[in-house]
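**Q** The residues making up each chain are set out below.
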Amino acid sequence: MKKLILLLSLFACGCTTLESISTSSIPAQRNRKVMASTDKFVILGFNFSNDYVDSIVRDLANQCPNGRIEGILTKQESINYFLYLFWTSKITAQGYCVQGNLALNKNPRQPAADDIGATSTHESEAGESHP
Amino acid sequence: MSGLLSCAILHSTQITDIDSATVKNGSRFNILLSETGVNLKEASKIAQAITNDQKTRQDIKELNAIISLFQMGPTTGNMVFNDTYADYVVDLLRAKCPSGKISGLMSIRETAKYPVVSGEIVRLVGYCQN
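Residue numbers (my numbering), protein chains in the order written: chain A, 1 to 131; chain B, 1001 to 1130.
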């Protein structure tokens, strides 16, 4: 019984480690979330390449065609299965797909009196937003 | 055997905003900057194993302990003797993408580990809109 408890306890310690985390600027439009992840199973520490992370950007881009992905949260973690003899290194990236051309401004700024070459002295209404 | 363990170590990965059109139609580039790192602990262990003199082994052990006192704190990989090797990465980005329209830029900090020495690598992978 003691041996069984000891054996089971080996699986109950320090399973997941967060190695690094980062995020980019979070957009105002957050109604569509996209996520991609990639991982590599490592046996006895034999890992000769980290090229598995290169595909994650394309995976994210394929989920948001004709748009931009912003507010990307990138998380790198190690999942230990047994005494760090077998583990998985996993990269997860999730962000928000912002559709459309962000350069298109539906509320263009009206020229003010002190603008160079201004031909209008239109005053903006209260509450109207300008870039 | 210990020299073969964890040959490639990934320390951190960061991804910037992604423009799908640039990733789909642009050109992918890969920038790699590296510097040689030295693991003095491993070097001292090898030196202790090589020598037969007990006093020399003790001296090496004490020297290693003194050096370790000056290398405390969180680190990624081994120590390098030039910490400015990644400072001109922006210039390299400008050279790789003259238009300046870069998207999906992924910054990777990794180590290629060998016995005693290592390659401390900063790698940038991105897509350039030509």
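Hint data in this document are derived by calculation from the structure and do not stem from the laboratory. Cβ atoms here follow ideal geometry from the backbone N, Cα and C, with glycine treated the same way. Some hints could be false.
[To be verified] Okay, derived cross-link-like pairs now, DSSO-like style, lysine-lysine, Cα gap no bigger than 27 Å in a straight line:
#1 A:K33 x B:K1024
#2 A:K90 x A:K75
#3 A:K75 x B:K1101
#4 A:K90 x A:K40
#5 B:K1024 x B:K1101
#6 B:K1055 x A:K40
#7 A:K2 x A:K33
#8 A:K3 x A:K40
#9 B:K1061 x B:K1045
#10 A:K90 x A:K2
#11 A:K90 x B:K1024
#12 B:K1041 x B:K1024
#13 B:K1024 x B:K1096
#14 B:K1024 x A:K75
#15 B:K1055 x B:K1045
#16 B:K1045 x B:K1024
#17 A:K33 x B:K1101
[What the hints assert, rightly or not] Taking CB as the label site, the calculated pair distances span:
#18 A:T17 x B:P1115: 22 to 28 Å
#19 A:K33 x B:S1099: 52 to 58 Å
#20 B:E1062 x A:Y81: 25 to 31 Å
#21 B:C1007 x A:I79: 58 to 64 Å
#22 B:R1028 x A:L6: 46 to 52 Å
[To be verified] Stretch by stretch, here's where chain A covers chain B in the computed footprint (C-beta under 8 Å, at least three residues):
#23 1043-1052
#24 1060-1071
#25 1105-1112
**Q** It remains to establish, for every hint, whether it holds in the given structure.
**A** Here's how the hints hold up against the structure:
{"no.": "1", "hint": "A:K33 x B:K1024", "in the structure": "20 Å, holds"}
{"no.": "2", "hint": "A:K90 x A:K75", "in the structure": "8 Å, holds"}
{"no.": "3", "hint": "A:K75 x B:K1101", "in the structure": "25 Å, holds"}
{"no.": "4", "hint": "A:K90 x A:K40", "in the structure": "7 Å, holds"}
{"no.": "5", "hint": "B:K1024 x B:K1101", "in the structure": "13 Å, holds"}
{"no.": "6", "hint": "B:K1055 x A:K40", "in the structure": "45 Å, violated"}
{"no.": "7", "hint": "A:K2 x A:K33", "in the structure": "48 Å, violated"}
{"no.": "8", "hint": "A:K3 x A:K40", "in the structure": "32 Å, violated"}
{"no.": "9", "hint": "B:K1061 x B:K1045", "in the structure": "8 Å, holds"}
{"no.": "10", "hint": "A:K90 x A:K2", "in the structure": "34 Å, violated"}
{"no.": "11", "hint": "A:K90 x B:K1024", "in the structure": "24 Å, holds"}
{"no.": "12", "hint": "B:K1041 x B:K1024", "in the structure": "46 Å, violated"}
{"no.": "13", "hint": "B:K1024 x B:K1096", "in the structure": "17 Å, holds"}
{"no.": "14", "hint": "B:K1024 x A:K75", "in the structure": "24 Å, holds"}
{"no.": "15", "hint": "B:K1055 x B:K1045", "in the structure": "14 Å, holds"}
{"no.": "16", "hint": "B:K1045 x B:K1024", "in the structure": "50 Å, violated"}
{"no.": "17", "hint": "A:K33 x B:K1101", "in the structure": "24 Å, holds"}
{"no.": "18", "hint": "A:T17 x B:P1115: 22 to 28 Å", "in the structure": "25 Å, holds"}
{"no.": "19", "hint": "A:K33 x B:S1099: 52 to 58 Å", "in the structure": "30 Å, violated"}
{"no.": "20", "hint": "B:E1062 x A:Y81: 25 to 31 Å", "in the structure": "39 Å, violated"}
{"no.": "21", "hint": "B:C1007 x A:I79: 58 to 64 Å", "in the structure": "20 Å, violated"}
{"no.": "22", "hint": "B:R1028 x A:L6: 46 to 52 Å", "in the structure": "50 Å, holds"}
{"no.": "23", "hint": "1043-1052", "in the structure": "violated (count 0)"}
{"no.": "24", "hint": "1060-1071", "in the structure": "violated (count 0)"}
{"no.": "25", "hint": "1105-1112", "in the structure": "holds (count 3)"}
In summary, the numbered hints that this structure violates are 6, 7, 8, 10, 12, 16, 19, 20, 21, 23 and 24.
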